[in-house]
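S.K.: In the order they appear, the protein sequences are chains A, B and C.
Okay, so the first sequence: first residue is 0 according to numbering that gives the first Met the number 0, each after it adds one.
Okay, so the second sequence: first residue is 0 according to numbering that gives the first Met the number 0, each after it adds one.
Okay, so the third sequence: first residue is 0 according to numbering that gives the first Met the number 0, each after it adds one.
Just so you know, these hints were derived from the structure itself, not from any lab.
Fair warning: there could be bad hints in the mix.
Identical copies look the same in the list; a pair holds intra-copy or inter-copy alike.
Listed next, the in silico SDA-like pairs over lysine to any residue satisfying Cα-Cα at most 25 angstroms (straight line) [unchecked claim]:
id	residue 1	residue 2
1	K190	G151
2	K31	T83
3	K86	G151
4	K320	I302
5	K14	K320
6	K189	G282
7	K168	I27
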Amino acid sequence: MLKFNRSEFLFIRNKINSSEIESLLNKIIINKRISKNFEVQDISSTKNLKDNSILFLENNIKFDKKNFNNIILITNNINIFEETKYKDIILINNFNDAYNIIINFIYSHEDSLDYFDEFDLIGNSFISKNASIHKSSKIFNNCVIGKGVKIGKNCVIKNNVVIKNTLIKDNVIICDNSSIGTTGFGFDLKKRGTLFLNPQIGIVIIDNNVHIGSSCTIDRGKIDYTYIGKNSMIDNLVHIAHNVRIGDNACIAAQTGIAGSANIGNNVTVGGQVGIAGHINIGQNVVIAAKSGVTKSINDNSIVAGFPAVDIKEWKRKVIKERKNGH
Amino acid sequence: MLKFNRSEFLFIRNKINSSEIESLLNKIIINKRISKNFEVQDISSTKNLKDNSILFLENNIKFDKKNFNNIILITNNINIFEETKYKDIILINNFNDAYNIIINFIYSHEDSLDYFDEFDLIGNSFISKNASIHKSSKIFNNCVIGKGVKIGKNCVIKNNVVIKNTLIKDNVIICDNSSIGTTGFGFDLKKRGTLFLNPQIGIVIIDNNVHIGSSCTIDRGKIDYTYIGKNSMIDNLVHIAHNVRIGDNACIAAQTGIAGSANIGNNVTVGGQVGIAGHINIGQNVVIAAKSGVTKSINDNSIVAGFPAVDIKEWKRKVIKERKNGH
Amino acid sequence: MLKFNRSEFLFIRNKINSSEIESLLNKIIINKRISKNFEVQDISSTKNLKDNSILFLENNIKFDKKNFNNIILITNNINIFEETKYKDIILINNFNDAYNIIINFIYSHEDSLDYFDEFDLIGNSFISKNASIHKSSKIFNNCVIGKGVKIGKNCVIKNNVVIKNTLIKDNVIICDNSSIGTTGFGFDLKKRGTLFLNPQIGIVIIDNNVHIGSSCTIDRGKIDYTYIGKNSMIDNLVHIAHNVRIGDNACIAAQTGIAGSANIGNNVTVGGQVGIAGHINIGQNVVIAAKSGVTKSINDNSIVAGFPAVDIKEWKRKVIKERKNGH
Numbered sequence: 000m001l002k003f004n005r006s007e008f009l010f011i012r013n014k015i016n017s018s019e020i021e022s023l024l025n026k027i028i029i030n031k032r033i034s035k036n037f038e039v040q041d042i043s044s045t046k047n048l049k050d051n052s053i054l055f056l057e058n059n060i061k062f063d064k065k066n067f068n069n070i071i072l073i074t075n076n077i078n079i080f081e082e083t084k085y086k087d088i089i090l091i092n093n094f095n096d097a098y099n100i101i102i103n104f105i106y107s108h109e110d111s112l113d114y115f116d117e118f119d120l121i122g123n124s125f126i127s128k129n130a131s132i133h134k135s136s137k138i139f140n141n142c143v144i145g146k147g148v149k150i151g152k153n154c155v156i157k158n159n160v161v162i163k164n165t166l167i168k169d170n171v172i173i174c175d176n177s178s179i180g181t182t183g184f185g186f187d188l189k190k191r192g193t194l195f196l197n198p199q200i201g202i203v204i205i206d207n208n209v210h211i212g213s214s215c216t217i218d219r220g221k222i223d224y225t226y227i228g229k230n231s232m233i234d235n236l237v238h239i240a241h242n243v244r245i246g247d248n249a250c251i252a253a254q255t256g257i258a259g260s261a262n263i264g265n266n267v268t269v270g271g272q273v274g275i276a277g278h279i280n281i282g283q284n285v286v287i288a289a290k291s292g293v294t295k296s297i298n299d300n301s302i303v304a305g306f307p308a309v310d311i312k313e314w315k316r317k318v319i320k321e322r323k324n325g326h
Numbered sequence: 000m001l002k003f004n005r006s007e008f009l010f011i012r013n014k015i016n017s018s019e020i021e022s023l024l025n026k027i028i029i030n031k032r033i034s035k036n037f038e039v040q041d042i043s044s045t046k047n048l049k050d051n052s053i054l055f056l057e058n059n060i061k062f063d064k065k066n067f068n069n070i071i072l073i074t075n076n077i078n079i080f081e082e083t084k085y086k087d088i089i090l091i092n093n094f095n096d097a098y099n100i101i102i103n104f105i106y107s108h109e110d111s112l113d114y115f116d117e118f119d120l121i122g123n124s125f126i127s128k129n130a131s132i133h134k135s136s137k138i139f140n141n142c143v144i145g146k147g148v149k150i151g152k153n154c155v156i157k158n159n160v161v162i163k164n165t166l167i168k169d170n171v172i173i174c175d176n177s178s179i180g181t182t183g184f185g186f187d188l189k190k191r192g193t194l195f196l197n198p199q200i201g202i203v204i205i206d207n208n209v210h211i212g213s214s215c216t217i218d219r220g221k222i223d224y225t226y227i228g229k230n231s232m233i234d235n236l237v238h239i240a241h242n243v244r245i246g247d248n249a250c251i252a253a254q255t256g257i258a259g260s261a262n263i264g265n266n267v268t269v270g271g272q273v274g275i276a277g278h279i280n281i282g283q284n285v286v287i288a289a290k291s292g293v294t295k296s297i298n299d300n301s302i303v304a305g306f307p308a309v310d311i312k313e314w315k316r317k318v319i320k321e322r323k324n325g326h
Numbered sequence: 000m001l002k003f004n005r006s007e008f009l010f011i012r013n014k015i016n017s018s019e020i021e022s023l024l025n026k027i028i029i030n031k032r033i034s035k036n037f038e039v040q041d042i043s044s045t046k047n048l049k050d051n052s053i054l055f056l057e058n059n060i061k062f063d064k065k066n067f068n069n070i071i072l073i074t075n076n077i078n079i080f081e082e083t084k085y086k087d088i089i090l091i092n093n094f095n096d097a098y099n100i101i102i103n104f105i106y107s108h109e110d111s112l113d114y115f116d117e118f119d120l121i122g123n124s125f126i127s128k129n130a131s132i133h134k135s136s137k138i139f140n141n142c143v144i145g146k147g148v149k150i151g152k153n154c155v156i157k158n159n160v161v162i163k164n165t166l167i168k169d170n171v172i173i174c175d176n177s178s179i180g181t182t183g184f185g186f187d188l189k190k191r192g193t194l195f196l197n198p199q200i201g202i203v204i205i206d207n208n209v210h211i212g213s214s215c216t217i218d219r220g221k222i223d224y225t226y227i228g229k230n231s232m233i234d235n236l237v238h239i240a241h242n243v244r245i246g247d248n249a250c251i252a253a254q255t256g257i258a259g260s261a262n263i264g265n266n267v268t269v270g271g272q273v274g275i276a277g278h279i280n281i282g283q284n285v286v287i288a289a290k291s292g293v294t295k296s297i298n299d300n301s302i303v304a305g306f307p308a309v310d311i312k313e314w315k316r317k318v319i320k321e322r323k324n325g326h
């Protein structure tokens with residue numbers, strides 16, 4: 000995992016000690032074990048455990064049996080709660096509520112009413128006083144570059160581009176009207192609407208030599224980050240959801256959408272109007288034909304087509320057969 | 000129907016009396032019956048009849064046999080014209096021409112060359128002098144908030160968002176680069192191009208607690224309004240056409256498109272890249288799987304998938320069968 | 000072919016004589032024949048040969064046996080090189096590298112770090128000092144109109160629209176947040192990333208009475224131009240790639256994507272979420288049903304549907320058959 004400092008992008012609304020979490024959650028607590036008191040410094044994910052943090056652990060998620068000193072677990076899973084090795088753990092009855100209450104207590108993020116950012120108008124764009132742009136990079140007109148954003152060397156950010164909650168390395172080009180670091184679609188299906196959104200407190204990391212087309216949307220990670228690997232090329236009107244990881248040298252054609260937490264290997268080639276489901280793995284060197292709907296993980300070096308996407312040879316046989324039957 | 004005052008969004012170019020309509024349409028009139036003279040105050044639709052108005056009534060449209068006093072009908076349908084109960088009615092030979100001539104005579108709308116709006120630069124965004132934004136709501140940078148727009152309490156409008164011809168209630172979040180209240184795709188298929196556009200003189204109404212993602216487009220109604228119900232959540236790059244009605248608690252994933260006048264019930268869940276045809280009804284609690292193409296109305300509580308969308312069990316059987324045949 | 004003056008949009012970084020090309024390409028030259036020396040004035044394409052120009056000629060492309068005086072060919076095709084009628088020709092081993100080296104030597108384009116444009120803030124939009132907008136046309140707020148752009152009479156350019164490298168004729172309407180003249184997705188699949196992009200030095204030409212919706216992206220031509228014919232109507236979130244040619248009176252519904260160099264006849268009607276493959280021909284008066292994927296050229300007067308798109312009657316038979324089998 001790459002590191003980033005969350006507090007450069009968000010505001011800390013309140014410091015909290017592990018012992019205070021209980022009172023915040025008191026309406027939804029079922030049980031608890033708190034062994035010691037420490038000041039919470041960050042939020043962990045199962046992929047990225049941090050000292051002095053909170054880890055929200057939902058039903059049926061496996062995690063590494065690492066050192067859990069100074070990590071307080073919040074779970075709705077009785078089996079996890081009953082594992083005695085966890086010294087600091089709270090069992091609650093509503094996972095989304097617990098996440099929302101705790102995160103909104105600690106952080107002010109861009110969907111919070113009290114979030115703010117201060118901008119200078121520099122060369123026809125609004126640049127946060129807390130953004131950092133290398134002097135060799137160019138920002139065109141009507142852009143907004145938010146708090147904490149870092150842009151490396153020799154980047155070209157075209158017109159009306161919005162970049163927030165994002166780290167950009169060198170030689171990156173982002174075309175007109177794209178939105179990078181926007182809020183992911185994270186919520187409780189059973190409690191809809193803005194009052195119950197899951198705060199999205201992660202970022203986007205865009206590695207060297209990436210090209211992003213016009214009117215793309217790249218959502219920031221929920222807790223960690225959405226990642227676009229080196230030399231990747233993304234065409235216009237592409238949607239990349241929160242927590243997606245795209246490897247190096249990807250080529251993704253227009254109007255493709257990649258759902259949350261999909262994990263895409265190096266050297267993939269994706270046609271236009273493809274949909275890739277969330278939480279699946281696309282291997283190295285995979286080719287996905289235009290308009291495919293990929294619903295399952297795909298092995299390295301595969302070529303797939305259709306919806307649901309299958310090996311392209313199988314898809315072609317199906318198409319030929321249908322044509323014969325059709326006449 | 001919710002009420003709105005059209006003149007807050009548009010300009011009245013000319014007042015017109017019912018007796019003057021005839022001369023405006025004189026090149027395309029076939030027949031007429033005018034019983035009395037009144038000043039036209041508004042335009043009716045079949046769903047929303049108003050006193051002192053004009054109602055354009057096309058071929059084969061049913062309407063409620065309500066009191067038609069002080070409504071002047073304009074129709075290209077000889078059967079409607081021959082109904083003697085209508086005292087004020089004009090039969091014309093080209094429906095689109097009649098609509099365009101009358102509406103463009105009365106109204107200046109944002110596609111008119113003489114339409115204008117006056118803006119103040121407030122906090123890095125252009126806000127119409129005739130817009131109203133509750134002081135608890137926040138507008139980020141490079142937004143445009145047009146004439147007549149009202150934004151309720153505790154809303155967050157992010158960067159580079161354009162909102163025109165729209166009423167927004169409380170706790171609404173609209174993400175970067177979205178366009179709300181834009182011109183619907185209304186025209187005569189036989190006479191294409193900007194010189195023959197059907198003026199779109201309706202609005203958009205967004206109810207409480209709605210979340211709208213980045214780079215969405217929501218077109219205003221043609222005469223009435225496009226409506227997004229309470230607590231609905233719309234992901235990035237979603238297109239919602241004119242006159243669509245979406246109920247409460249909708250959840251609509253990225254890159255979905257909903258064509259004109261579709262009517263969607265409460266509590267629907269729609270996957271990414273779905274297409275929903277115009278003028279159909281989607282029932283309550285319907286679930287539509289990603290990448291579906293919904294061509295027909297869907298009953299309450301259905302789960303559908305595929306293109307054309309069918310019951311998801313049927314779709315799965317088809318997919319399994321194709322896979323077997325494919326090998 | 001319509002004419003345009005490339006130097007109005009780009010900057011000439013360096014003048015070059017035909018005899019100097021060799022030294023620029025010296026690492027990738029295999030062989031050469033140079034008969035005379037002339038100053039290079041422009042870049043030709045196979046469809047648009049120009050005097051005193053360079054023509055990049057790839058494998059297996061046919062071209063007209065026209066007068067090749069004062070055109071220097073650069074090819075990776077040994078068969079072309081061996082045609083003795085070409086007096087000025089260079090054989091190189093990497094076509095993309097040759098194109099990138101030569102074009103980036105001659106031109107500074109908007110993806111170049113040294114490209115710049117000077118803007119005036121006119122009526123809440125940034126207008127290049129080298130753009131020309133007829134006084135009868137209206138530009139709303141937060142637009143960017145770049146160098147060389149010409150906008151004809153009675154056009155309406157709404158809010159947050161970016162227009163670069165584009166010629167627009169009369170009565171054109173472009174809705175909010177659209178990007179016109181953006182960089183096409185041109186690159187070497189084998190060498191990905193911004194360091195190896197193929198410079199896109201063409202433009203977009205939009206003819207009279209065209210309507211373009213919100214959040215559309217229209218990429219400029221690679222060498223020539225992307226063209227939208229008279230009276231064409233394009234809905235929201237439509238992607239049109241580089242070198243596409245759309246005839247007169249097109250009607251293209253929302254979220255459709257048209258890949259590079261597709262050639263579309265007059266009077267086509269295209270439903271929403273359609274994908275049209277690159278380098279194919281769509282005939283006159285063709286109708287393409289919503290959500291179709293068009294993979295092959297389509298004859299005049301056809302009506303097609305499905306993916307891959309077939310005659311709509313065949314598609315309907317297939318759908319009916321599948322439904323029967325499904326139960």
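S.K.: Evaluate each hint against the coordinates.
M.R.: Here is what the structure says about each hint:
1. K190 / G151: For K190 and G151, only the inter-copy Cα distance (22 angstroms) is at most 25 angstroms; the intra-copy one is 40 angstroms.
2. K31 / T83: within (12 angstroms within a copy, 78 angstroms between copies)
3. K86 / G151: Neither way: K86 and G151 sit 43 angstroms apart in one copy and 46 angstroms across, limit 25 angstroms.
4. K320 / I302: For K320 and I302, the Cα distance is within 25 angstroms both inside one copy (20 angstroms) and across copies (21 angstroms).
5. K14 / K320: Classified as neither: same-chain Cα gap 64 angstroms, cross-chain 57 angstroms, threshold 25 angstroms.
6. K189 / G282: So K189 and G282 pass the 25 angstroms test across copies only (18 angstroms; inside, 33 angstroms).
7. K168 / I27: Cα proximity of K168 and I27: none, with 42 angstroms in one copy and 30 angstroms across.
Of the numbered hints listed earlier, those contradicted by the structure are 3, 5, 7.
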